[in-house]
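Trainee: Residue numbers (this note's numbering), protein chains in the order written: chain S, 1 to 757; chain Z, 1 to 450; chain F, 1 to 235.
Hints should not be assumed to be uniformly reliable.
Just a few of them, taken from the derived set where beta-carbon distance is under 8 Å, the chain Z residues facing chain S [claimed, not checked]:
#, residue
1, P384
2, Y385
3, A386
4, Y387
5, G388
Below are the DSS-like pairs computed for lysine-lysine, each with C-alpha atoms no more than 27 Å apart in a straight line [claimed, not checked]:
#, chain 1, residue 1, chain 2, residue 2
6, Z, K183, Z, K427
7, S, K150, S, K447
8, F, K36, S, K737
9, S, K736, F, K36
10, F, K61, S, K328
In case anyone wonders, no lab produced these hints; they're calculated from the structure.
Ideal placement from N, C-alpha and C gives every residue a C-beta, glycine not left out.
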Amino acid sequence: MDRRNFLKISAVGGATAALDACGKPERQLVRFIPEEELVPGIATWKPGVCTQCPAGCGLRVRVMEGEAEVTRHGQVGLLSMGLAKKLEGDPEHPVNRGKLCAWGQAGLQVTYNPDRIRFPIRRTGRRGSGEYEEVSWEEAIKELVAHLPKAKPAGKPSPLIFLTEPLHDHRGVLIERWLAALGAPAAVRFEFFEQTVLRRANELSFGRYQLPTFDLANANYVVSLGADFLGTWNSPVAQNRGYGTMRQGRPGQRGKFVQVEARMSQTGANADEWVYARPGTEGILALGLAHVILNEKLRPVTGAGGAGARIDGWSKGLPDYAPEAVAKLTGVEAARIERLAREMAGHPPAVVLIGGAPLAQTNGLANALAVNALNDLLGSVEKPGGIFFTPQPPMADLPGLQAGISVQALCDGILKGSTAVETLLIYNANPVFASPPAWRVQEALEKVPFIASFGSFVDETSILADLILPDHSYLESWVDHIPESGTRQAVASLAPPAMQPLHHTRAMPDVLLEVAHQLGGEAARALPWKDYAEMLQAAFEPLRTHPGSISAKTADDFWSTIQDRGGWWGAEISTPPVRENLANPPAAPVRVTGPQFDGPAEEYPFHFLPYASMQFGDGRHANLPWMQEMPDALATAMWSVWVEINPQTAAKMGIQQGDLLEVTSAHGRLEAPALIVPGTAPDVIAMPVGQGHEHYGRYASGRGANPIKILAPRAEAETGALAWASTRVKVRRLGKKGELILFAGGLREIPREYRHR
Amino acid sequence: MDKTPEQINQDLLRPIYHASWRFYASVAVLASLVLAAFYAWGYQMYYGLGVSGLNRPVYWAFYITNFVFWIGISHAGTLISAILRVSNATWRRPVTRCAEAITVFSLSIAAMFPLIHLGRPWLFFWLIPYPSERGIWPQFRSPLLWDFFAINTYLTGSVIFLLLPSFPDFALIRDRSNGWRKKIYRIVSLGWRGEPKQWHRLEMAMRIMAVAIIPVAVSVHTIVSWDFAMAPVPGWHSTIFGPYFVAGAIFSGIAALIIAMALLRKLLHLEEYLKPLHFDNLGKLLLVMSLLWFYFVFAERLTTWYGNFPSEMSVFWSTQSGRFSPLFWAMVFCNFIIPAPILAIKNLRSKIGWTVTAAVPIIIGMWLERFLIIVPALSHKYLPYAYGTYRPTWVEITITVGTFAGMGLLYLIFSRVFPIISIWELKLGMQRKAEAAAELASQEAAAEQP
Amino acid sequence: MGHRWGMVIDEDRCTGCEACVVACHAENNIATVGDKEAARGRAKHWMRIERYYEGDFPEIKVRFRPVLCQQCDAAPCEPVCPTYASYHNPEGLNAQIYNRCIGTRYCGNACPYTVRFFNFFNPVWDKPLNLQLNPDVSERSVGIMEKCTFCIERIKAAEIRAAAEKRALKDGEFNPACVQSCPTEAMVFGDLNDPESRVSRLSRSDRGTKLLAELGTAPKVTYLKRGAWHNGQNA
Ligand SMILES: Nc1nc2c(c(=O)[nH]1)N[C@H]1C(S)=C(S)[C@@H](COP(=O)(O)OP(=O)(O)OC[C@H]3O[C@@H](n4cnc5c(=O)[nH]c(N)nc54)[C@H](O)[C@@H]3O)O[C@H]1N2
Ligand SMILES: Nc1nc2c(c(=O)[nH]1)N[C@H]1C(S)=C(S)[C@@H](COP(=O)(O)OP(=O)(O)OC[C@H]3O[C@@H](n4cnc5c(=O)[nH]c(N)nc54)[C@H](O)[C@@H]3O)O[C@H]1N2
Ligand code: SF4
Ligand code: SF4
Ligand code: SF4
Ligand code: SF4
Ligand code: SF4
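Put together the whole structure using the sequences plus the hints.
Mentor: Here you go:
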C-alpha cells in the first residue's frame, strides 16, 4: 500500500466515510481545479536579433496584447499594444538554431527596464550630477545639429568624435558614412573585452581579420587555452550547441575536452581534464605540444604559407620547446605535455581554442599565433571538426572590424591638448567604467565642451553628457546583424520592430539620418534614405540575387520575406579561400616567450585575473535584475562581487569565506569579500568584471567593486590592446565581513568532513 | 495533616478574595509582553512571513519549535494527573489541578502556533473539515490534519478533565461568597449540591476520563512527532520519534509542573500544602524521564552515526561538532548533566530549591531539543547545494517570549479564579487517611486485646 | 492513452550556462527578490544548476546538475499538504494550486529536492518590468508556495492546439521554456507514455539515473551521468 492510499483505506474512519460520500476524492478534486479553463492567450512570434553580445543570435519574440502605462510629455496614459513577453531563439537561424544564452533570455529586461531614459533630456546640474530636464525631440536634435561641424574643416582635424561600442550591423555602416560626410574621423570603438589580438593573429596566420568559428560538433578532441567558449566568449550559443553534440550527439563517439587555465572558469568546469598553466605561458605550452607532434612525426608538417611560418623555430621543429623546457616555464609536467600531444594527434579532428586571459597578456599575439600554428599542424583549419571563418554576406558595405584610434589614444590626445575635440557623441560605450585608471578617461571627457549620448541608460560615461537622445531598445527598432563567427554560412539577420516603443525614444540611426537631412549639403547627399528601414532595404537588396535562404523575384517580395524570416543566410560553404590575402607577411617570425607583468612579484605576489562575468559580461548586463539574481554557475553568488582565492592560500593567510579583502595593485586598491574556490591557482586572485557601477540604474549602482579600476595600463606588445591580465596584486584581510550572497549551501556533493572515517 | 477543613478552606480560597499589588504588577508586565507578541504577529500578517527569519530550506523554525515545546509542556498536566489518579498515588491530591491547568493553557498556546506560522493565516479554516459549497475537503493524509484532530480532542478532554473536579470547589466558593461573585460561581458550579448521586457521578466520570485521556495524550505527541517523522527529511524520518517525543513531553511537563508548583507555593503561601514530599516524588519521576530522555537521544544518535547515511550524517555532524553544536551540548547539559546528578541524590532532591534547580534547565534544554530536531535537519536536506541556515528575527523572538508571558499570565489569572489546589480532593484525602488511621488503630487495638 | 510528461537531463551536455534558469524566470513570472532577501535564502529559482567540486587544486573536477521539480510519481510533497494545493494532476504532474495554498510550507520540507519556493513577501516588479509578465501564468502572492510546473501552460496550449486541429501531439512539438532555451540540448522533454518518444528512449539509457532514487519518490526526470573519456572510447 503506498502513501497515497494509506489513509483512504485505514485511519480516520468517520472522515473517510465523509469522503466516500462524495466519491473518489481525486475525481472530486479535479472538478474544482479549473485546468480546462486555463486558456492560453493569443501570441504572435515575431523575428528579432539579440544584441546582448556581438554574437548576434536570431530571435523569436513572443508578442501579446497588453496595456502599457506610457508617459508622453509628462502625461501618464494607458496604451493597448503588443508587448514582448518572451524571447526565444529562432530555430532557423544558423548561429543559434533556436537557442539562447542567459543574457539573451534576459533581454526583455532591457526594454522594460525601469531605469531606461524615457525621453530626450538636457543636463541642468553640473556634469555628473545626474540632473536633467526633459526636452522635445525637435529641440534635442536642434541642439545636436548646432554642435556639429557642417563639413570637414579645411586644414585641421575635425572637432567631432563618435565613440561607440563595436557594431556588427548597419548602424556601424551608417555611423561611418555619417562621420565621413561630416568630415570626421572614423568612430572610436570601445569594449573592454576587445578581440583585436585574436583577429590580428588570424589575419597573420590565415589572412582573416576575424574571430574564428569552431566546428565543435564534429571534433573529437578539444583543447581550450583560457577561452570561456561555453560562457561568455565569441559566439557562446553556437559553441554550446556544438559542444553538446561533441559530447553526446554522435552515438558511440564522445569527444574529449581539455581546458588549460589558471583559474577554473565555467567552461573549464566542464573539462574532462583541467590543466593549470602559469598565466601567459599558453603559447609556450601550445608550442610544447607542437614540438612533441613534430618530433614524433605524429602529423605531417604543413608547407610554407602555413600558420607555422609565423613562429620562430617552427621549420626546425621547435627545438627550444622540448617538453622539459616547456614544463619549467608553464608548470605543466613534461609527461603530461607528451601525453596530451599524442592524444590530440591520435584523435582527429582535434581543435585548439585560445581566448580571454592568454590574449590579454603582453605576449597575447604570440600566444594566439602559436595556437594557430598548432591548429594548422593538427590539420584542423577549414576542416570538419576544426576552425572556420564565417563568410561575409555579399553586401556593398559591411560594418568594419578594424580597430581605429583607441580610447586611450583619444584621451591622451585630449589631455595633452593635441586632439581638439569640440563634440563627442557616445553610443553604448562605457569607457569611464571599463578602462584602467591610468587612461584618465573621465578627466579627458570632462574637458570636451559638448557631449551627447544616444544610450538608453545613464552610466558612468553618459552621465557626463550634456544631451541624451535615448535610443529605442532592440525589440522596438529595426535591427540587423552580420555575424563575425558562429556559423559556416554567410548570415545577414534582419528584423522589423517587434513592438511599439514604450517610451518617447527614437532610434539612433533615424536621429543620425534626421541630422544629416537638417545639415543638408554633402551629409544629406551621402545619406539619402528617409529612415533606417529604407537604408536597410537598400543594403539588403543585393542579397536577393545570391543563392541563399530566400528566393524572391521582386525587391518587395524579398523585403517582406526577409522580414518574416528574420534574415538571409547563404548556402553552407565548406572551403572558402582563406589564405589568399596573406600578401603582406611581417618581416620576422614571432618568437613565443613568456609575458611581462606589472608590479614586482616580491611586493605583489598574486596574478590578478579579471574575467567576463557570466552574469554581467563586461558590466553592461548589471542593470538587469534577472542577471543580478541569477547565481553565478561556480560561485553561486547573486547581487555580489567577490575575490576568488585558493583554499590553501586562504588558509595560510587566515582568510575565511566572506572576509573582506583589500586587493592592491600598483595602480589602485579595491575591497571585496573573499570567495574560497578550489579551482583558483594558489598564486592567482580572480575577480569577475561587471559590478562596481557608480551610475547604472537602481539594480547595479553602488554594488561592489570594479576590478578594472586597479588594472595596469599595460598593452599587448604588438597590437596595443589592453593586457588586462598582466597586473599583479597583493591581498590583505581587513578584519570584517563583506556582502557575499551565495545561492549554494554546500561545495561538494558528499561533504568531505562527513565522510566515513 | 493537621489542618482543619475550615483552615484549608481559608488557606486555599484566600487568593480568590485577596490580591496583592504584586499580582497586579505581574499581570501588567506579563500582559504587555503578550501585547508585544500580538503586535509582532499583526506586523507579520500585514507584511508577510518574510519578517521572520524563515527561508528556504528552513521553512519551519521558531514557531514550530514553540508549537512542539508547548504541546510537550501540556503533558505536565492531564497525563501526569491521570496516571497518578489511575495508579491511585495518594500524594497526587495537591498537585493535580496545578498540573491540569498547565495542560489547558499550554495546549491553547501551542494551538496558536500552527496559525501564527501560516503563510496566509486568514485562510486557516481551510484546515477544518466542513462541507463547503465547493465540495473540497482537507487532505486527510496530511499529518497536519491529524494534528488538528489530535489537538482538538486533547484540548477538549483536558478542559473537561480540569472542569469536572472543579464543580465542588466552585460550589464551595458560591456558598462562601456573596454579591457578583456568588452569582458567577452559582452559574459555573452547574447546580452542584454535593448530593451522593452527584458525588457518585463525578467519581465515575473522573475515573473514565482518567483512563481515556492517557491514550489521547500519548497520541497527541505521537502525532506531533509524525509531523516530522512522516516527512522524508534526514533526521526526521525515524521510527523512534513517537515514543521519543512522548517521553520528552512528559519530561518537560514534569519540569514545568515543578516550577509552577514552587512558584505557587511561594506566591500563594501554600507551604503547608505543597510539601517537599511532593517535589521529592515529582523529582523521582523527573529523574526517570531524564534517564529515559538520555537513552532516546543516545539511541537515536548512535544508530544514525553507525548507519552513516551521507544525508543523515550532515545533520548529525552539524549538531555534534558543526554550526549547531553549541546548542546541542547546551541541551545535553540542561537535560542530563545538570539535572540527573541533582535528582539522583536523595538529599538534594528532597530540597525544593534543588529540585527547581534541576527543573529550570530542563525547560531550556527541551526547547533547544525541539529546535535542534527541526532546524539542523531542514538546513541539511539531501542535496548539499540546497543547504541553508537560519537566524530568528525580532518578530519570532517577541512572539516566543510573549507565549511564555502568556502562560504566566493565564496561570496567574487562573490562580485567582480557581482554587489552585482541589479542596475537596484534599479533604477527601485527609478523610481517607483519617479513616485508614482509625481503621488501623482499631485493628491494632483489636490485636492488642488478648 | 493520456500523456505522462517526463524529462531527461544529460549531465554530459550541460555546461552550467544557466540559460534555462533565466528562461524559466521569464516564462513563469518568477519575481526576483532583491539582494537583501536573496541574502536571507529566499531567492526563487525553479530551475537551478547545482555545481559540485571534486578533488583539490590542481586535480579538480566540477559537476553541473540542473535541478527542477522531479515531478515525482510518489511525490512526498503531495500527501502532506492539508489543502490539496500540492496535488497530482491527471497527467501525473505535481501541480500546485496557488489559490488553495495556505502556506504551511510542509510540502517544502517534505520535498527531498528542495525545489519548492515560498513567497515570503508579495512579489515586486518595478514598473514597467511588470509588462513582461506572461498572462498565461498566474502571479503568486505572499504566503504561497510555488514551484516548477513543467510549464503546464505550454502543455495545455499544445494540447488545445492539437485538439483543435484534431490530431495527436507530435514528439518534440513543444517544450518547456528551460528545455527550449538550452543551447547544448541537455534537456529533452516529452511523453513517457509513448515508448518511442525521444524522452522515453533516452530514459532507458544505461547512463540514466534518478536523483535520490533511493527515496522511492519515483521521479519523472531522468539524469544521464557524465561520460568519461577512455582513449577515445565512449563510456
Ligand atoms: N473591482 C472589480 N470587482 C469585480 C470584478 C472586477 O473586474 N473588478 N470582477 C467581478 C467578477 S467577473 C468576478 S467572477 C468576481 C470574483 O470574485 P471572487 O469570487 O471573490 O473572486 P476571487 O478574488 O478570485 O476570490 C475567491 C476567493 O476564494 C479563495 N479560494 C481559492 N481556492 C479556494 C478553495 O479551494 N476553497 C475556498 N473556500 N476558497 C478558495 C481565494 O483565495 C479568494 O479569496 O469579482 C467581481 N468583482
Ligand atoms: N489573472 C486573472 N485572470 C482572470 C481572472 C482573475 O481574477 N485574474 N478572473 C477571470 C474571470 S472570473 C473573468 S469573468 C474574466 C474576465 O475577463 P474579461 O472578460 O477579459 O474582462 P475585462 O478585462 O474586465 O473586460 C473585457 C473588455 O471589455 C471592455 N468593455 C467594457 N465595457 C464594454 C462594453 O460595453 N462593450 C464592449 N464591447 N466591451 C466593453 C473592457 O474595456 C475590456 O477591454 O477574467 C478571468 N481571468
Ligand atoms: S550569445 Fe547570448 S547574448 Fe549573445 S547574441 Fe546570442 S543569445 Fe544574445
Ligand atoms: S505550503 Fe501550501 S502547498 Fe505546501 S503544504 Fe502548505 S498549503 Fe500545501
Ligand atoms: S520534486 Fe519535490 S516538489 Fe516536485 S513532485 Fe517531487 S517532492 Fe514534489
Ligand atoms: S519546466 Fe518550466 S517551470 Fe519547470 S523549470 Fe523548466 S521552465 Fe521552469
Ligand atoms: S541551459 Fe542547458 S546547458 Fe545551460 S545550464 Fe541549463 S541545462 Fe545546462
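Trainee: Give a verdict on every hint.
Mentor: The hints, checked one at a time:
The beta carbon of P384 of chain Z is positioned within 8 Å of a beta carbon in chain S (closest approach about 3 Å), and the interface hint is therefore held. At a threshold of 8 Å, the smallest CB-CB gap from Y385 of chain Z to chain S is about 5 Å, leaving the interface hint in force. Annotation: interface hint on A386 of chain Z holds; nearest CB of chain S at approximately 6 Å, less than 8 Å. Because the closest C-beta pair between Y387 of chain Z and chain S is about 2 Å apart, less than 8 Å, the hint holds.
A least Cβ separation of about 6 Å between G388 of chain Z and chain S falls short of the 8 Å threshold, and the interface hint therefore holds. With a C-alpha separation of about 25 Å, the suggested pair K183 of chain Z and K427 of chain Z falls inside the 27 Å cut-off, and the hint holds. Note on K150 of chain S and K447 of chain S: the hinted pairing holds, with a Cα-Cα distance of about 22 Å set against a maximum of 27 Å. A distance of roughly 16 Å separates the Cα atoms of K36 of chain F and K737 of chain S; the hinted pair therefore holds under the 27 Å criterion.
Proximity of K736 of chain S to K36 of chain F is assessed by CA-CA distance (about 19 Å); at most 27 Å being required, the pair is judged to hold. A hinted pair counts as satisfied when its Cα atoms are at most 27 Å apart, and K61 of chain F with K328 of chain S qualifies at roughly 24 Å.
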